[in-house]
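Turn these sequences into a full structure, and let the hints guide you.
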Amino acid sequence: MSATASAKVEITHAVGLHARPSVKFTKLAKTFPAAVEMALAEAGPWIDAKSIVKVMAAKAPKGTTLYLRAEGDGAIEAVEALVALVTRDFDEAGEGEAHVRSA
Amino acid sequence: MVLPAESGLTFRGIAASAGYAQGRVFRLETRVSRYERKASPALEVAALETAIETASGRLADLASHSSGDAADMLEFQIAMLGDSSLSGPALDAVAAGKAADEAWSAALQAEISGYEAAEDEYFRARAADLKDIRQQVLDVLVSAGSRDAPAGAILVGDDIAPTRFLATDWSQGGGIALTAGSSASHVAMLARSRGVPMVVGLGPVPVDFDGVALLDAEHGSLLLGAEGEAVELFRTSADAFLASRRSAQAHLHKPAVTADGTPVTMLVNVADPQDVDAIDIATCDGVGLMRTEFLFGKASGLPDEENQYRAYRRVLEWAAGKPVTIRTVDAGGDKPVAGFTVEETNPFLGLRGIRLALARPDVFRIQIRALLRAAVHGNLKVMFPMVAVADEYQRARAMFAEEAARLGDSGVASAMPPLGIMVEVPSVAVAPELFADAAFFSIGSNDLTQYVMAAARDNASVAALNAVTNPAVLRLIAAVARFGRDNGIPVSLCGDAAGDPVAIPHLLKAGLRDLSVVPAQLASAKAAVAAARV
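Line by line, the protein sequences are chains A and B.
The first sequence begins at 4 in the working numbering and counts up by one.
The second sequence begins at 879 in the working numbering and counts up by one.
Simulated from the structure, these hints should not be mistaken for lab results.
One or more hints might be untrue.
[Claimed, not checked] So the derived list for chain B, only partly shown, Cβ under 10 Å to chain A, looks like this:
1. Asp950
2. Met951
3. Glu953
4. Ile956
5. Met958
6. Gly960
7. Ser963
8. Tyr993
9. Glu997
10. Tyr1000
11. Phe1001
12. Asp1007
13. Gln1013
14. Leu1016
[What the hints assert, rightly or not] Chain B residues, not near chain A, derived (Cβ > 12 Å throughout):
15. Leu887
16. Ser918
17. Glu931
18. Gly966
19. Gly975
20. Ala995
21. Val1135
22. Asn1257
23. Asn1324
24. Ala1334
25. Thr1347
[What the hints assert, rightly or not] Within a straight-line C-alpha distance of at most 27 Å, the following computed DSS-like cross-link-like pairs (lysine-lysine) qualify:
26. B:Lys1132 / B:Lys1200
27. A:Lys33 / A:Lys65
28. A:Lys33 / B:Lys1009
29. A:Lys65 / A:Lys30
30. A:Lys27 / A:Lys57
31. B:Lys1009 / B:Lys1213
32. B:Lys1387 / B:Lys1132
33. A:Lys57 / B:Lys976
34. B:Lys1009 / A:Lys65
35. A:Lys57 / A:Lys30
36. B:Lys1009 / A:Lys30
37. A:Lys11 / A:Lys33
38. B:Lys1009 / B:Lys916
39. A:Lys27 / B:Lys916
40. B:Lys1009 / A:Lys57
The beta carbon of each residue, even a glycine, is placed where N, CA and C say it ideally should be.
Following this line, the structure appears as C-alpha cells:
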C-alpha cells in the first residue's frame, strides 16, 4: 500500500529557490523512491520535484509558499526532509557571509 | 614584391606577427557550426546522447578541480544536463527526424526564453548558464567531425580562437592567415610571443584552395599556388628576414643603450609561468608585465590561492631578485573567463579589469592573498588594470591592506608589494596627478591607443586608426612620462608598441626609459634601441 503526504513551507532563503538550493532540493528528493511533486499554489500546476530543470523553471523567489506532495514508498519521510531543508535555508549562510567565507 | 601574373593568387593584409612560412593550407572551421547529419534518426539520437554525456564528463572533470562558486556553478550545470526534462524534448525531436544540433538548440532556446522573461534578476541571469550548457553540447557535436591542423600548416580562416592556437602544434613551423582578425587581438599577442607568423585582414580567400601557400608576415601577404620566380623571391625575402633576426640576436646579451649613450631598461612580458623557462634572466632587467588571465582561463576553473601562489612564486624565484610586476586579473574585453566575466554588448567599455575584480571580491581577494604570500620570495610589484578613477586604486589598495592584516593575524608569511596602476584609460593619462599616490605607472599602450583613437583592437577595418604613433597618443604618453619624472613615480610601457622597432624611437623621444616586450621581440627591440637617438 502506498503512502501519501503533503505540506507547505515558506522559502526564507535570501534569493529564493535558486541554483545551489535547487541542486540540493532535487538531489534530496531523488533519494526517496516516492513520486515527489511541488507547486507554488495549492491548485498547482504540480511539477516533478526531482527535476532541476522544472524546479528552477518555477522561479520561486524569497517569500514564496512551496506546496509539496508525495506518493509511494517513503512519501512521508520525503516531504518531512524537504520541508526541513527549506526551513534550514538550504543549509546556506546569507550571500554576504558566504563571500567572506570563500575569500 | 613584384610578381609575375602567372604566379598564382596574392592577397594583401596586415602583418600581425613577423616571419615567413611555407606550408599546406588548412581551413579553419568558421564559428558557424558545421554539424554533419548522421545517416538515420537512430544514429542522430545516439550522437546527441553521446554529446550530452561527453559534455557532462568534461564538466565533472572541471568540477573536480574547482571549489567555491565555480564548483557550485558546475554542479548546477551537470545537474541540468543530467535531467531528462531538458534532453527529453530534444531526443524526441531527433527521433522524429530532426538534426541533433537543431533539436538541441531548439529545446534549450525554449528554456532560455523562459529565463529571459523572468521578472527576478537572479533568474534572468540563469539564461547565461543555459546558453553555456547549450554551447558545450553543440561544441561536442560539431567538433566530433573536426580535424586537428597538421604540423607546419598555414591555418586559413576568418579568425582563430586562442584555445585553438594553443592546441596547435607549431614545432614544425606553419603560420596563420586570417581574412578578418586584428594584429591587436589576443591571438596575435600569442603568435608574437611564440614567434608564429601571422597575417590578418586578407579579405576573402578562396575556400576551395588546397595546396601550398606562402605566408609573408613581414610585409603582410598570402600567396596561393605560387610558382617559379615568385617562390624564389619569397625565399630570398625569408632568408633576409632570418638573417636580420639573427643579427638582432647579437643584441640580446648586451644591455640596451641608445646610439647616443642613454641606457634603457628592457623588461619582458610573461603570459604564463612556463614562459620564463625559455628566457635567460641575464638578457633582461626583469618582468614588466606578468599577465594572470591565463591562470584564470584554464579548463580547471578559477584558480585557487595555492595554485596562484605557486605560479607567482615560480616567476619571482626565476627572476632572482630582479623586479617582477604582476598585473591583477584583467579579464573582460576580449579576454572572457568562464564563471567570472559577464556577457556585455560592449565589453571593452564594460565590466573588465579592476572594475570586475572589485565587483567580485570573492575572486579578487583570493588573488590578493596569493600575491601577498608570494611577495616574500622576490622583488614583487603589483599593478591594477583599467583603473579610471582614483577611488578604484584606493579600494584595491585597502583590500590589500585588509588581507595582509588577516594573513598577519594567522601567522602566514607575507609582504606588501609596491602597488601601481596601468595607464590605459584616457582619464588617467590626461590627469595623472589624481593618481600621485600610486607607487608606479605602467602605460598599457594597446588599450590606451584604442580608447584614444576610438578604434577597436580586434577590428581589421579600423586597424590603420589604431596607431600608437598618432601624435595624440604620443603626447599623452609624453605627459605621463614627464609627470612621473617630476614626481618621482617610475613610468614604464608594456604594450605591443614597446617591441615595435618603428614605435621605439617615438617612445624614447616621449621620455620613456623602461620598456617591457614579449620575449620573442627582446633582441629586435634592443637592436632598435641601439639604433635610436634621444
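Margin query: Can you confirm whether the C-alpha distance between A:Lys11 and A:Lys33 stays at or below 27 Å?
Written below: The given pair, whose Cα atoms are some 19 Å apart, holds under the 27 Å limit.
Item checked: Claimed clearance of chain A by B:Gly975, with the beta carbon kept past 12 Å -> Given that every Cβ of chain A is farther than 12 Å from that of B:Gly975, nearest at about 24 Å, it holds.
Check: Are all beta-carbon distances from B:Ser918 to chain A longer than 12 Å?
Finding: holds (28 Å)
Notebook entry, point to check: Does the CB of B:Met958 sit less than 10 Å away from some CB of chain A?
Noted result: holds (6 Å)
Checklist line | Whether B:Asn1257 stays farther than 12 Å from all C-beta atoms of chain A, as the label says | finding: Label holds. Min Cβ-Cβ 27 Å, cutoff 12 Å.
Check: Is it correct that the beta-carbon of B:Asn1324 has no partner in chain A closer than or equal to 12 Å?
Finding: holds (31 Å)
Item checked: Holds or violated: A:Lys33 to B:Lys1009, with C-alpha atoms at most 27 Å apart -> holds (26 Å)
Margin query: Hint B:Phe1001 vs chain A: min CB-CB distance below 10 Å?
Written below: Hint holds; B:Phe1001 Cβ to chain A Cβ min 4 Å, cut 10 Å.
Next item on the list: Below or equal to 27 Å on CA atoms is what counts here, so check A:Lys65 against A:Lys30.
Entry: The given pair, whose Cα atoms are some 20 Å apart, holds under the 27 Å limit.
Margin query: Please verify whether A:Lys33 and A:Lys65 have alpha carbons no more than 27 Å apart.
Written below: Given pair A:Lys33, A:Lys65 holds - Cα atoms ~23 Å apart, limit 27 Å.
Check: Should the label of B:Gly966 as a non-interface residue stand, given a Cβ cut-off of 12 Å to chain A?
Finding: violated (9 Å)
Check: Just checking, B:Val1135 versus chain A, shortest CB gap more than 12 Å?
Finding: holds (47 Å)
In summary, the structure is inconsistent with hints 13, 14, 18, 20, 39 from the numbered list given earlier, while agreeing with the others.
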